[in-house]
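Residue numbers (this note's numbering), protein chains in the order written: chain A, 1 to 261; chain B, 262 to 675.
These are computed hints drawn from the structure, not numbers from a lab.
There could be a bad hint or two in this list.
List time: in silico DSS-like cross-link candidates among lysine-lysine, alpha-carbon distance up to 27 Å [to be verified]:
1) A:K111 x B:K382
2) B:K424 x B:K382
3) A:K232 x B:K637
4) B:K295 x B:K530
5) A:K122 x B:K606
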Amino acid sequence: MSYFVGIDVGASTTKAIIINEKREILGFSVNDSGVDFQAAAEQAFEDSKVKATVPVSNESFIISTGYGRRNVPFANTTKTEISCHARGSFHDFPHAHTLIDIGGQDSKIIKVHTSGKRISFKMNRKCAAGTGAFLEEIANRLKIPIGELNDLAEKAEEEVQLGSYCTVFTATEILTKIREGVEVENLVRGIFGAVIKRAMEMDPLEGNIVMSGGVVAYNPFFVEMFGEKLGKKIFVPPLPQFTGAFGAALYAWEEKGGQNA
Amino acid sequence: MSEKKKSKIKKIQSTGHLRKIMADYFYELNDASKKGSPKIAWCTSVGPAELLLSLGFLVHYPENHGAVLGSSRTANDYIPVANAIGYSPDICSYLTSDVGAFIKKETPLSRGYEGIEGVPKPDVLVYNTNQCRDVQEWFNWYSRELKVPCIGISSYRNIGEIKDYHLEAIVGQIKDLIPTLEKISGNKFDIDKFKSILALSRDCTRLWKKVLETNTAAPAPISFFDETIHMGPAVVLRGSETAVEYYTVLLKELEEKAAQKDGAVEGEKFRLYWEGMPIWGKLRNLAEFFIDLKTAVVASTYCNSWIFDAFDPDDPFTSMARAYTEIFIVRDEKFKENYIEGMVKQYKLDGILFHDAKTCPANSNNRYGMPERLEKKLNIPALTINGDLNDLRCYSEEQAQTNIEAFIEQLETK
Numbered sequence: 001m002s003y004f005v006g007i008d009v010g011a012s013t014t015k016a017i018i019i020n021e022k023r024e025i026l027g028f029s030v031n032d033s034g035v036d037f038q039a040a041a042e043q044a045f046e047d048s049k050v051k052a053t054v055p056v057s058n059e060s061f062i063i064s065t066g067y068g069r070r071n072v073p074f075a076n077t078t079k080t081e082i083s084c085h086a087r088g089s090f091h092d093f094p095h096a097h098t099l100i101d102i103g104g105q106d107s108k109i110i111k112v113h114t115s116g117k118r119i120s121f122k123m124n125r126k127c128a129a130g131t132g133a134f135l136e137e138i139a140n141r142l143k144i145p146i147g148e149l150n151d152l153a154e155k156a157e158e159e160v161q162l163g164s165y166c167t168v169f170t171a172t173e174i175l176t177k178i179r180e181g182v183e184v185e186n187l188v189r190g191i192f193g194a195v196i197k198r199a200m201e202m203d204p205l206e207g208n209i210v211m212s213g214g215v216v217a218y219n220p221f222f223v224e225m226f227g228e229k230l231g232k233k234i235f236v237p238p239l240p241q242f243t244g245a246f247g248a249a250l251y252a253w254e255e256k257g258g259q260n261a
Numbered sequence: 262m263s264e265k266k267k268s269k270i271k272k273i274q275s276t277g278h279l280r281k282i283m284a285d286y287f288y289e290l291n292d293a294s295k296k297g298s299p300k301i302a303w304c305t306s307v308g309p310a311e312l313l314l315s316l317g318f319l320v321h322y323p324e325n326h327g328a329v330l331g332s333s334r335t336a337n338d339y340i341p342v343a344n345a346i347g348y349s350p351d352i353c354s355y356l357t358s359d360v361g362a363f364i365k366k367e368t369p370l371s372r373g374y375e376g377i378e379g380v381p382k383p384d385v386l387v388y389n390t391n392q393c394r395d396v397q398e399w400f401n402w403y404s405r406e407l408k409v410p411c412i413g414i415s416s417y418r419n420i421g422e423i424k425d426y427h428l429e430a431i432v433g434q435i436k437d438l439i440p441t442l443e444k445i446s447g448n449k450f451d452i453d454k455f456k457s458i459l460a461l462s463r464d465c466t467r468l469w470k471k472v473l474e475t476n477t478a479a480p481a482p483i484s485f486f487d488e489t490i491h492m493g494p495a496v497v498l499r500g501s502e503t504a505v506e507y508y509t510v511l512l513k514e515l516e517e518k519a520a521q522k523d524g525a526v527e528g529e530k531f532r533l534y535w536e537g538m539p540i541w542g543k544l545r546n547l548a549e550f551f552i553d554l555k556t557a558v559v560a561s562t563y564c565n566s567w568i569f570d571a572f573d574p575d576d577p578f579t580s581m582a583r584a585y586t587e588i589f590i591v592r593d594e595k596f597k598e599n600y601i602e603g604m605v606k607q608y609k610l611d612g613i614l615f616h617d618a619k620t621c622p623a624n625s626n627n628r629y630g631m632p633e634r635l636e637k638k639l640n641i642p643a644l645t646i647n648g649d650l651n652d653l654r655c656y657s658e659e660q661a662q663t664n665i666e667a668f669i670e671q672l673e674t675k
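Between the sequences and the hints, there should be enough to build the whole structure, so can you do that?
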């Protein structure tokens, strides 16, 4: 039995996923990337093996991706997260679409052709706004655990408009709003809105829209807000945080000859 | 265990010759600066250098010094010094690094050329705003600081077709410079000398064009990153026999490489265009990165900007005005798009890289939708990477490399 592994070493978290010859997911795991990317990759791989539904031998073909893709010495090869996200997304949504991935330290918009090939991609400019890091920073300023943002935003009665695209300026703006007595829920919905605005100004979001990434995985209300602003339904894959790792595993599967592996 | 890592970049034999003539150039200026003779003019990169040379000036180009600050990775030591006296981090980082270095009384030239302690002292500062507004502000700073006259040409911007009235205005401004330059140099303007210098500049530019066009061959014999270094004489030694001799030698070497299919990138798979400024502090890293990706960056707006087809010694003023007005940076979006389209066809390119240089809007042509328009028109992909010519605070190597690598992966599946 052959196994195919994708390991996505992101700036914030590391994800590993194992698939079999039929491209069925056997196990997956996520942990913080920390400062030792190799250790994070090893841990994610080991944990995904432990969680796998069947014993996974070490005879696996591994592709690493993400910010720390070159820090995975046990990977057979590497591929960029752009290609892997497109590949993972197309597997779950095999039509022409635009993928919006909101990651920890970057966000990307990838246009996928009906054949599955990439047409174009854009990554955010060198700025934390519009990424998971922005939400973390603001949650920290507001002394709110990051896991509570979704419920707070959902409870809000209105969305506070935040004008700046700089994380530092936005934090200042938020402090001003707090002094003015603005409800925290409304502020949290406002910061979701700010992240959405950053994504919407990166590229025209046309056709079918798919969203992935950690922010999407843990904040379903964020996706709902995004859909409302775009005026269309947004497709979210079953494991949105693992889209890149899954794509890497699918590339591993392809490189070894697919079902003939 | 300090084994030196072997560079993946193939050697160009003419580089030794290049080093010598550049050293001679800097030492000649240094000597003149110490002795006070001949007089020294500072000139913007596409300023009226031929006129200055004809009047006997030696010419120092602060933009060249800016590139030296960038490529020696010392620019970021000096940019904050200029920022602190009110020159914004958002303006030209050639300006801020050069002014900062001057304030600190340092120059990277000292490292490369023993005995040179500073940039040569100017007797006059001569600009042409065909590059941007910043060059004028840059020279104005030195003018105030050193109490040296600053004169120049205000060029048109964003023009399509060049009309006679454009040229007449520029010719008038060039001629207006002459009395001041005669007074400072102590030499009388000599039209025949001017014509002969212009003829040498024309010969230099023709050879430089041929050098660049050797890259129409596949594999391409020289990378964009090496071209930016070998462009030095076309910038600072145009109007001299030395530059003509140098490009004769370099051209021969590159023609031989092209004939022997000795490409700068072993196993060249893809060919790209570089639009925008070089990232001077990352030339080597990028050159090696592209070699690993088996991708050749073969043509660029930047290196082509020192081709001055119009020079005509029989009509020196008007042809110089035309040459310095018809350059890419002065032209409108439509001209620029057509120009790049021509390059894509001539060099058989697979994609276009736009460098969005944070502090150089005049050379960042991605900002008005051009990549998107060209992708549609030419049916090849374009990629924008964020960076800067000199200020490496504006450049994320990881993000740029991921973008470039993903771009090549996209080309592989095309």
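Comparing the hints with the structure gives:
{"no.": "1", "hint": "A:K111 x B:K382", "in the structure": "violated (55 Å)"}
{"no.": "2", "hint": "B:K424 x B:K382", "in the structure": "violated (38 Å)"}
{"no.": "3", "hint": "A:K232 x B:K637", "in the structure": "holds (26 Å)"}
{"no.": "4", "hint": "B:K295 x B:K530", "in the structure": "violated (51 Å)"}
{"no.": "5", "hint": "A:K122 x B:K606", "in the structure": "holds (25 Å)"}
Checked against the numbered hints given earlier, the structure breaks hints 1, 2, 4 and satisfies all the rest.
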